[in-house]
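The lines below spell out each chain.
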Amino acid sequence: MKFFEDISVGDLFDVGRHKFTADNIKAFATRFDPQLFHVDEAAAERSHFGALCASGWHTAVAWMRLMTDYRRRMDEAMRARGEPVAAIGPALGFRELKWHKPVYVGDTIAYKSQVIEMRLSKSRPHAGLMSFRTTGVNQNGEPVISLVSTTFVERRDKS
Amino acid sequence: MPKLHWEDFEPGAVATYGPRLVTREEIVAFAAEFDPQPMHLDEAAASTTMLGGLGASGWHTCCLLMRMIADGFVLDSSSMGAPGIDEVRWLKPLRPGTNIRIRVTVLECRPSGSRPEMGLVKFQYEVLDEAESCLTVMTSTSMFGRRQAGPRT
Numbered sequence: 001m002k003f004f005e006d007i008s009v010g011d012l013f014d015v016g017r018h019k020f021t022a023d024n025i026k027a028f029a030t031r032f033d034p035q036l037f038h039v040d041e042a043a044a045e046r047s048h049f050g051a052l053c054a055s056g057w058h059t060a061v062a063w064m065r066l067m068t069d070y071r072r073r074m075d076e077a078m079r080a081r082g083e084p085v086a087a088i089g090p091a092l093g094f095r096e097l098k099w100h101k102p103v104y105v106g107d108t109i110a111y112k113s114q115v116i117e118m119r120l121s122k123s124r125p126h127a128g129l130m131s132f133r134t135t136g137v138n139q140n141g142e143p144v145i146s147l148v149s150t151t152f153v154e155r156r157d158k159s
Numbered sequence: 001m002p003k004l005h006w007e008d009f010e011p012g013a014v015a016t017y018g019p020r021l022v023t024r025e026e027i028v029a030f031a032a033e034f035d036p037q038p039m040h041l042d043e044a045a046a047s048t049t050m051l052g053g054l055g056a057s058g059w060h061t062c063c064l065l066m067r068m069i070a071d072g073f074v075l076d077s078s079s080m081g082a083p084g085i086d087e088v089r090w091l092k093p094l095r096p097g098t099n100i101r102i103r104v105t106v107l108e109c110r111p112s113g114s115r116p117e118m119g120l121v122k123f124q125y126e127v128l129d130e131a132e133s134c135l136t137v138m139t140s141t142s143m144f145g146r147r148q149a150g151p152r153t
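Residue numbers (our numbering), protein chains in the order written: chain A, 1 to 159; chain B, 1 to 153.
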């Protein structure tokens, strides 16, 4: 990760896409959210969703995986240029998570995260706090998820 | 027929689910799949991070919470899903070997403005360790089917 001082409000992380299949929707939901409309096609058709759809937690963690991979690629590129890499995390949490529309079988969600606030931490002088808004959009351009996360990022200036 | 409908939730009601043991193996397996950061994967690497040792991904804690409330009451309800999450705060790390419990408090119940067959329930969920210390707190609203459509009676 870049250091706190090198990140600006408005910076955009285009983290990538995830395709939701019947198999990965049901596999995730069976473990963590086995409501019928996430695990059983016939029951999902009878529900208000009208078809099998992903657990909202699945839609969220698919972003987390893409974001982690994105940061690793960024770190590798920085190390290749001989630049120091800043530590990131842990996160404090998130807020304003909205599942705007269901994610159905065959949907591909493209996720982007944009920095909305940078502030110093009172409790951790060696780190700052980065807040960013993440949005996931389906192949029709419709938002399906958005949330605001806050995480620690290491400062270059530790004073 | 599910047992619980929107009419069965009352503000102030509290229920607790668990305990459930969270193992090192499942913390590492979840992180490897969904959140492969060193602080969730490897003790030695985690000890040099601000987490101060191996701890579960916060998303893993949320997913465990979801599964425990699913088994606790959601699967036996007229749940219609949730439009979102107001807030999650990861207050303390979830360490391997912790027996967690979930304390659920009903904050608010209101009928849906647009759908007479549906009502909304706002909950606070606390993930507690053995010492009743709160590791994660979440506030969110869920949608439930009503026994009888129309104004609450």
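In case anyone wonders, no lab produced these hints; they're calculated from the structure. Heads up, a few of these hints could be off.
Stated by the list, open to error - Quick look at which bits of chain B chain A covers, simulated, 3 or more residues with Cβ under 8 Å:
#1 62-68
#2 73-79
#3 85-92
#4 97-104
#5 123-132
Model, not experiment: these values are computed from the prediction. Beta carbons are placed, not taken as given, at the ideal position from N, Cα and C, and that holds for glycine.
In rising order, the numbers of the hints this structure does not comply with: 4 and 5
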